[in-house]
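Place chain B on chain A using the hints.
If you read the sequences in order, they're chains A and B. Going by this note's numbering, the first residue of the first sequence is number 1, and it counts up by one from there. Going by this note's numbering, the first residue of the second sequence is number 1, and it counts up by one from there.
These are calculated hints, taken from the structure and not from any lab test. There could be a bad hint or two in this list.
No distinction is drawn between identical chains; accordingly, a pair holds when it is met within one copy or between any pair of copies.
What the hints assert, rightly or not - Derived lysine to any residue pairs resembling SDA-like cross-links, with alpha carbons at most 25 Å apart: (1) K364 x G157; (2) K364 x M236; (3) K386 x I339; (4) K148 x Q159; (5) K266 x R295; (6) K126 x G260; (7) K386 x D31; (8) K377 x T131.
Take a look at the letters that make up each chain.
There are 2 protein chains.
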Amino acid sequence: MTEFFHVITADQFTELLIRFPRLSSEKIPLDASLARILSDDIVAFEDLPEQARSTVDGYAVRAEDTFGASDSIPALLEIAEPVQMGTIPGYALNSGQAAPIPTGGFLPRGADAVVMVEYTNRADEKNVEITRPVTLRTNVLDKGEDSKSGEPLLPSGMQLRFQDIGFLAAAGFSEVSVYRKPKVAILSSGDEVVPVDCRPRPGQIRDANSHALAALVREAGAEPILFEIVPDNAAMLRQALETALSQSDITAISGGSSVGARDLMKSAVSSLNDTEILAHGIAIRPGKPTLLADRKGKAIFGLPGHPVSALIVAQVFLVPLLRHLQGAALGKGPRGLRIDATLTASIHSTIGLEEYVRVVIEEKPDGTYEAHPVYGKSGMLSTMVKANGILVIPMNVEGLSKGDSVQVVQW
Amino acid sequence: MTEFFHVITADQFTELLIRFPRLSSEKIPLDASLARILSDDIVAFEDLPEQARSTVDGYAVRAEDTFGASDSIPALLEIAEPVQMGTIPGYALNSGQAAPIPTGGFLPRGADAVVMVEYTNRADEKNVEITRPVTLRTNVLDKGEDSKSGEPLLPSGMQLRFQDIGFLAAAGFSEVSVYRKPKVAILSSGDEVVPVDCRPRPGQIRDANSHALAALVREAGAEPILFEIVPDNAAMLRQALETALSQSDITAISGGSSVGARDLMKSAVSSLNDTEILAHGIAIRPGKPTLLADRKGKAIFGLPGHPVSALIVAQVFLVPLLRHLQGAALGKGPRGLRIDATLTASIHSTIGLEEYVRVVIEEKPDGTYEAHPVYGKSGMLSTMVKANGILVIPMNVEGLSKGDSVQVVQW
Chain A
1 MTEFFHVITA DQFTELLIRF PRLSSEKIPL DASLARILSD DIVAFEDLPE QARSTVDGYA
61 VRAEDTFGAS DSIPALLEIA EPVQMGTIPG YALNSGQAAP IPTGGFLPRG ADAVVMVEYT
121 NRADEKNVEI TRPVTLRTNV LDKGEDSKSG EPLLPSGMQL RFQDIGFLAA AGFSEVSVYR
181 KPKVAILSSG DEVVPVDCRP RPGQIRDANS HALAALVREA GAEPILFEIV PDNAAMLRQA
241 LETALSQSDI TAISGGSSVG ARDLMKSAVS SLNDTEILAH GIAIRPGKPT LLADRKGKAI
301 FGLPGHPVSA LIVAQVFLVP LLRHLQGAAL GKGPRGLRID ATLTASIHST IGLEEYVRVV
361 IEEKPDGTYE AHPVYGKSGM LSTMVKANGI LVIPMNVEGL SKGDSVQVVQ W
Chain B
1 MTEFFHVITA DQFTELLIRF PRLSSEKIPL DASLARILSD DIVAFEDLPE QARSTVDGYA
61 VRAEDTFGAS DSIPALLEIA EPVQMGTIPG YALNSGQAAP IPTGGFLPRG ADAVVMVEYT
121 NRADEKNVEI TRPVTLRTNV LDKGEDSKSG EPLLPSGMQL RFQDIGFLAA AGFSEVSVYR
181 KPKVAILSSG DEVVPVDCRP RPGQIRDANS HALAALVREA GAEPILFEIV PDNAAMLRQA
241 LETALSQSDI TAISGGSSVG ARDLMKSAVS SLNDTEILAH GIAIRPGKPT LLADRKGKAI
301 FGLPGHPVSA LIVAQVFLVP LLRHLQGAAL GKGPRGLRID ATLTASIHST IGLEEYVRVV
361 IEEKPDGTYE AHPVYGKSGM LSTMVKANGI LVIPMNVEGL SKGDSVQVVQ W
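With the rest of the complex left out, here is chain A (with noise of 0.2 Å):
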């Protein structure tokens, strides 16, 4: 039995993933932007609005001729012709003059404010009576106002929400350029583990790890590549590694919950040319047993074969890699809301360990949040189901007790 020859913290093992390189950049449709992190900064070409609009519906004016207009004294304007959508006016409004203008619409040359349809009575056909003081620019848009030619519009590093999508088709872009998804390809290994569309003979087991961890790539924005289950044999093992590091950028391999085969993944991964183990154990639970190689700059991770532990290595470190590899900041695991919660029962925990406990987070009339502990063995798949959040216990610290305050993490 070979030891871990390389434990270190989930702090430690988190610093190591800086090393691994962003990948390069795509232009890609605007349409298929969302959630994709900008690889370059994007400057406006021209303004927005390129001249002054319209916010509401009503008389472009002077605002100088409407100053003390009232109910009782309106100010009287000859009606200028119409604004129509889509087109900027060819005229300039002169002194005592007030256009027709429809939301959205742009002023004539001249017209510095717009009073609302509200304040004005139509007198006759030529002319309307304005019962309230504008002052300049109210109710208009600006030209440049929204965004100015030249100025950037959106950083690089950015991940693109709904809002930013319609803020660069209106500034007229229609493709950006975004890092490219990591590709990860997904192995799971053991002699005893059978694909889920199979039925398992007795003593075997369906392939939970493969799909579980597909979904959470997918989740942080990566494109998951399923390979074939590979069975507990060296040269299979070595074999399956270079074809699934020669197809993506980041390969996670789980398999192996018992020291023979987490023995055998080690000599695999270490039998790969130019290849260098970072880590093969952290001071964690559960997940322990992880392992970290770099591979000419494509990482490796050899995640645990229980289920439990290999979802919560891959939510806490993972992750924050293909991210990273996205061009976001690396930051610690796990991501995802933190919710201020009261603990609802003591907690027993290791002093060397940082641990993850699995907990349902609950909220109370009040609008404050318990966060009940998940109990049941660690290797149960359905404390993970049953649990909506994640309680991160530092490695300094002995265990909580019912009644503190903690921070979760929304699953």
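Just chain B, lined up with the frame of chain A:
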């Protein structure tokens, strides 16, 4: 000028949405099921695990054989045939025996606990010393402990997360029944609106709404279908709506911020056969001129032309409807992570209108949050980009003061 003939509150509008029926279900591969919503309860068809398994590397024993064992007085047991991964041992463990077993291995008949390898010493080829006692079922995952044949695994209405997919794989489900993704027809109208890849002529603007709405629809788990821009023409609007309705489950048409354009849209919708206009006008800001109609069970959303208004209305009302059609409970929008924050500036609001204020949510070093209102005219898309959250001011509130505790929804 036609007035809104049916202005209702945001709550009333949300309640109208329940009339639209959930979509039918479809069977899809497990690997495509992330974030989809189950249309049926899923019931286990076998026990997981099928037989008792070890959760550690060690020795399978009869617990009673270890009682009183200690470092000074170990229990000496005869080594039985080692358990192999992937097979169920064919023999029964006798009293006085211990079988080497890897993590995940199946216990032989007669064994009822596992001693971790750390608490054992190999005495010689045939015998092992046990230095700690174990109680019944220690380090054992029992037959059916993770899930029991005939018992529910996951309930209908549940949105699948990565761990649920792992659980379903372990339980032998390679396909799942989920609600269909709603197809959402997206149309922009307006004589002044041109496609994003066109160079607008003076007075024209690019179609921001279609692309932002498509992204929002996709984020809500639905499938956008983008149509060509429709001019401000009643007959063409009507024809475009007919085509869109025939190809989708929901039709969202934006356009017409001016009173004239709004009237045109209402006329076009009214002219469709078997169509009931449920609302025209919501007591909200921005987004008041919103139209909702029911065409034989399919919703027609008439959204404002202003991108900011259109996107906020879509976020607050369309997204909850999309989730409802996919089997989720109908809740009032906006959906998203709610964060308690301190408001850093006072905001005026109008009694009788529910208002949506764009805010920047900032986390302070002490873990608390501040919400800074985003200034800028309501028509500016850049304000949506600067904001990372939204603050809802209820209709009976006249305004909020600097320093107030508020709940904001993250964007």
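Comparing the hints with the structure gives:
1. K364 x G157: between (37 Å within a copy, 22 Å between copies)
2. K364 x M236: neither (53 Å within a copy, 52 Å between copies)
3. K386 x I339: both (18 Å within a copy, 24 Å between copies)
4. K148 x Q159: This pair counts as within: shortest intra-copy Cα distance 22 Å, inter-copy 43 Å.
5. K266 x R295: within (14 Å within a copy, 62 Å between copies)
6. K126 x G260: Between. Shortest inter-copy distance 20 Å satisfies the 25 Å Cα cut-off; intra-copy 94 Å does not.
7. K386 x D31: The answer is between: 21 Å across copies meets 25 Å, while 36 Å in one copy does not.
8. K377 x T131: between (75 Å within a copy, 23 Å between copies)
Hint violations for this structure: number 2 only, all remaining hints satisfied.
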